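> Using the hints provided, position chain B relative to the given structure of chain A.
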Amino acid sequence: MAPEDFVAEEAALLDAGRFDDWLSLFAPDGHYWVPLLGAQQADPVSHNSLAYEDRLLLQLRVERLKDPRAHSQHPRSICQHVLQRPVVERGDDEAVLLRTPFIYVEARGDEQLLLAGTCRHELVRRSSSWAIRLKRVDLLNPTRALPAVQLFI
Amino acid sequence: MEAGRIAALVQPDRVHRDLYLSEELFALEQERLFASAWTYVGHASEVPRPGDYRALEIAGQPLVMVRQPDGEVRVLYNRCAHKGTRLVSDESGNTGRFFRCPYHAWTYRLDGAPLAVPLKQGYENTALKACEAGRGMTPVARVACYRDFVFARLSDTGLEFADYFGEVLQAIDNMVDRSPQGRLVAEGGVLRNIIHCNWKMYLENINDTIHPPSTHESATRAADALWQGHAPEEPKPMAMEQILPFGASYDFFDRMGGRVFPNGHSLLGVNFSIHSGYARLPDYEEAMRQAHGAERAEAILQRSPQNSILFPSLAVKGSPQAIRVIRPLAVDRTLVEAWSFRAVGAPDLLFERSMSYNRLVFSPMSVVAHDDVHLFESIQKGLRARGNEWVSLHRDFDPAELAQETATTNGTNELLMRNQFRAWLKLMAPPAQAALS
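Protein chains in written order, with the working numbering: chain A, 1 to 153; chain B, 154 to 590.
Bound conformation, chain A alone (with noise of 0.2 Å):
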């Protein structure tokens, strides 16, 4: 799969509500990263996120998700990402990196989140596919007051 596919395909699996697939999408040692100084963030270490987890974490968020008494979840939460073209950066066939500029819907009951940002997606090769060493996700404005943000950017 070309990489610039299998970026369109992630959001998709999120759009669609397919947690687990898209879990499975990361490598063992994969990482989802919001830094909350945005793009201007060097590291997850010296300053904080919004999120920084691997795939334990994740994983808690997925399964907490399928939960009927995730009581945030009623109503259900539901997102729509918006892609621009996904731009190469730099890589090969066995590592590649990619910049994604998006507009993130997160929407629940009358309620209607709207973000933006790019994501940087770090890619290493998994037989004919990809797997997500990190998705960064540097948005617009990060460091403005926000409501709660329930899914994946």
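Pairwise CB distance ranges, derived in the manner of DEER restraints:
no.	chain 1	residue 1	chain 2	residue 2	range
1	B	Gly319	A	Ile78	43 to 51 Å
2	A	Leu114	B	Arg158	38 to 46 Å
3	B	His547	A	Pro101	52 to 60 Å
In short, the hints are calculated from the structure, not lab data. Keep in mind it's a predicted model, so treat the numbers as computed, not measured. Backbone N, C-alpha and C define an ideal beta-carbon position, used for all residues, glycine too.
Same frame as chain A, but now just chain B:
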């Protein structure tokens, strides 16, 4: 709204829903409670050099906290004396040796005193100097800096800082003294949440020990399932160490104990808390004994209160070094900020714990907070229901508590919340009455 009508809304064991729903009461809170209370402004380490400032709003008032050339931290109204322009509009920065209004270039010293205006001859023989416009930027009535925690009282009347907070200041001591050098630095940024609920709902929940088993059931069940099969003594990843204790029993929360103080302040978890089980760090503990002496070091490290509340704006967790700042924006809208601290001279791991805890529990993306926030917002809607206008705070109510301003209780006693509302009522007194009391 006259005092008698407000008093009728706070009964010894329940409060009226108007405290959460009434726009009129919210306006009065801004005018009275948030003026005569001491509210948290910020941490002095946010403004280390002269001219460093941070702009913020408390109770609808535009303020700026600014470091002076002599090292003092002052809090001024962020308003040009001329026409009202905010003198700084960035959230933080350095203003140099003076404030300069971008509109007509009026300048002020860092303490707000007027410095210069263009074409000053035009003001000769006018009343400018005799009125507010000639006096420069207005300082807030009172500022206190306690171990680098900066508080302000906006009103000319009210209790002095030490009398207002009293013994609860030990919560700040407990956090600051976790640094062998007795110094904290605000680092790692601030997580900012908008919650569509009244601020008091958020603040009372900080003392609610009965909600975790049901509210956080989905998060703790998922964490338990993922960690199943590991032996209890096996070292846990930091995230698990911090999330799993949310599944503690009612009995655990009851035994942790609580204490109330005058003016709405409290300590929850006077015996132990969900933060007591974090992995120990022998080298750090030795450094603490060297710095503070064995007895004091032991007292600091053995006490990890769940939450300490400095009513009405600050909640402190001594370990992990983290605070929440509660800023009411509207009757049904509250800003909650979570700040992390580095304890100077302590291992990086403590700072990582602080950031990790805030990220896992107080981020807008937190799986723990999602259920809290949903329920606070749900209460804001549900309280409109006819047939029951009251919010129950009956658990373990004892009429004898009305005569005790400081008391130690079981951890699930709703006294910690009742105490907040008793302080609320006192601070809602009209200014003249407050001055006399």
